[in-house]
Structures are given as C-alpha cells and as structure tokens.
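Residue numbers (the working numbering), protein chains in the order written: chain W, 8 to 135; chain A, 365 to 577.
Simulated from the structure, these hints should not be mistaken for laboratory data.
Some hints here could point you the wrong way.
[Stated by the list, open to error] Only pairs whose alpha carbons sit at most 20 angstroms apart, straight line, appear in this in silico DMTMM-like list of lysine to aspartate or glutamate:
1) W:K121 <-> A:E536
2) A:K513 <-> W:E129
3) A:K513 <-> W:D42
4) W:K113 <-> A:E512
[Said to hold, decoys possible] Interface residues of chain W toward chain A, partial, derived using beta-carbon atoms under 10 angstroms:
5) D14
6) R21
7) D61
8) A92
9) N95
10) Q98
11) A101
12) G109
13) K113
Ideal Cβ placement from N, Cα and C applies to all residues, glycine included.
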Amino acid sequence: MKILVVDDFSTMRRIVRNLLGELGFSGANIQEADDGNTALAMLQQSHIDFVITDWNMPGMSGIDLLRSIRADKALQALPVLMVTAENNREQIIAAAQAGVNGYIIKPFTAVTLKDKIDRVFERLVAAG
Amino acid sequence: MSAPDHNPSPAGLPPELQELLEIRDANMFEASLDALFARRQSDLFRALGHLTRDLHNSIAQVTRETAEPPVRTAFARKTLQEALTMSASAAHDTLAMTERLRPGATELRARAQAFAATATSDPSARQLAHDVGQFADACLDEFTHLVEKQSWQDLSGQRLQQVSVFIDKVEEALLQLARLARSIGGAPATGEFRAPAVTTQDDVDRLLSEFGF
C-alpha cells in the first residue's frame, strides 16, 4: 500500500514515517509532501492508496486538500486520515462534513495510529 | 398613602448646589447658576484636555518606537525562528538515533530468541540469551516512545509560528497608529513629546483642533 504523508514540519513527517514503519508499512512505499498543493499534484500524477495529512499548512491546508480530493473524480474515493493539533469541535465537524475517514489529535501514539488506520480500512471494507 | 414631599431635603447634594437652592433672589440665582455651569464646563474641558494630551503622548511614544526600522520585532522573529530551527534539529537528531539503533536491537532480539530456543546444556547461557532478548525488546519499546515524544517539536513549532504571525499583526497595527499620528499631528514625533501646559480654554480648543475636534 502506498501512503502519502502531508505535513509542513519535516519532524512530523519523519515521526509518522517511523511509526508506520513500526506498524509494518514499508518505507519505500511512504511518500512525503510539505503542503496541500504539492500533495495534490503528487496524487494526480502517481497512484497513492492512503493519505495522512496535517491541517495547518502554508499554501493549501489539510482541509482544502481533503475537499480537493473529494471534488476530483479520480481521487474522491481515496481514504484520508487527518492528523492535527486542531481539536476544536467546529474543525472536527468541518473535516467530517468534508468527508474525512479518520481524525487523530496530536500528540499521538503508534497504538492510536494503528487503531485509526485499522478502523479506516475496516469501514471501507464494510462499505464494499 | 402619604402626600408627595414638595420640599425635599437638599442633603446629599454637593455644597455648591445646596447653596444655589438656598438663593431666593431670581437674578442672583441665575448669575450663580451661570457661574456654576461655567466652572463645570471649564473642569470638563480641562479633563478632556488632559485626556487628549495623554493620548497624544502615547501615540507620540509609539511613533518614536516605530520610526526606526522595527528592530525589536525583527529580533523577536529571528529568535523564534532560531528556537524553531534548533528544536527541529534536536528532534531530527533523536529520530536519527532511534533509526540507527532500531535495526541492531531488532536483530539482537531475534538472535537472542533463537539462541534461547536452541537446546543448550548451559543454563547460564540460556538465561543470558533470554535477558538479552528482553532487553532488546524493551529498547525497541523505548525507541517507539522516543519517536512519539518528538511530536512536541511539531506542536511547539506550530505555536512559535502562531506567535510570529501575532508579532507581525501587532507590528502592522503599531505602524498604522504611527502613520495616523503623523497624519493628524503634522510632523513626525521625534524625541520626547513635551506638551505645553493647557491652562486656558483657547489652549484646550487649539489642542483639540489638532485632533479634528
């Protein structure tokens, strides 16, 4: 499975990459982008199976990236996990309304990441 | 029901009003009333003059602070950026350390488990292999915690960026205030502002006119 990690902080991208590695995902299949615009271009140019994105980023934010993905016929079914420090009710509702598949509040643990990824794919399988 | 009191006691009123109410001569009452109004009006203008002068002083001070290139805000921004860079560097160093050690710990755990599983006649060797395996296992758990804990850098970095944006906004607001002070006060305020004493109504009016009143 090819995963795209989107975050403007290189440390957070590296942390997510490390934790995904511990969960058994191959490092070779993990790609990185530092904002929504770069991520969207990568998604349109190469096959990605799963997106993990931050919310606050310069350029295109995570929520705008999510909306762009859902608005793109070729990408609209792509599962998106939001990993963010934004924990207010309005933003979580906005993400849900935009069609996010999972939402993790920073800081988080490997166990939480595994749990949310498992849930995302369980729901996708259940939805057929 | 008691009849309304048409002669309320003047108790509680300021002495000057009590004195006024006790005057029975109409002309004298009117003259005293005019004098009272004039005194009150003068007090009011004096207070307004002080207030305006304080405001002018404050704006002049801000103008002085921002007349030069905004060195202080630039320094604050630079310091925040340095803190951000250093914390990111420290987090990357820690992550690099765990990335270097993890493969070795994983291999050591596998070899220790394999050795412990083999039939060996030496119980101390078996125990050592078991202990090494447990230690490697604990190290791997701790590496995971170390990685997780580095997310503080991301969070603190976001906060530092928010503070930097806030500084930019404050700086812009101060500059706007300085520009406003220059536009309404004539020449840019430099050096400490010393307002002349406001003693007469003309002084007050002149000062107020500078502020568009």
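Hints, one by one, checked against the model:
1. W:K121 <-> A:E536: violated, 45 angstroms
2. A:K513 <-> W:E129: Outside the cut-off at roughly 28 angstroms; violated.
3. A:K513 <-> W:D42: violated, 23 angstroms
4. W:K113 <-> A:E512: Between W:K113 and A:E512 the Cα gap is close to 10 angstroms, so the pair holds against 20 angstroms.
5. D14: Cβ of W:D14 sits 7 angstroms from chain A, so the hint holds.
6. R21: holds, 5 angstroms
7. D61: holds, 8 angstroms
8. A92: Since chain A brings a Cβ to about 6 angstroms from W:A92, closer than 10 angstroms, the hint holds.
9. N95: violated, 14 angstroms
10. Q98: violated, 14 angstroms
11. A101: violated, 18 angstroms
12. G109: violated, 17 angstroms
13. K113: Nearest chain A Cβ about 6 angstroms off; hint holds.
Violation of the numbered hints given earlier is confined to hints 1, 2, 3, 9, 10, 11 and 12; the remaining hints are satisfied by the structure.
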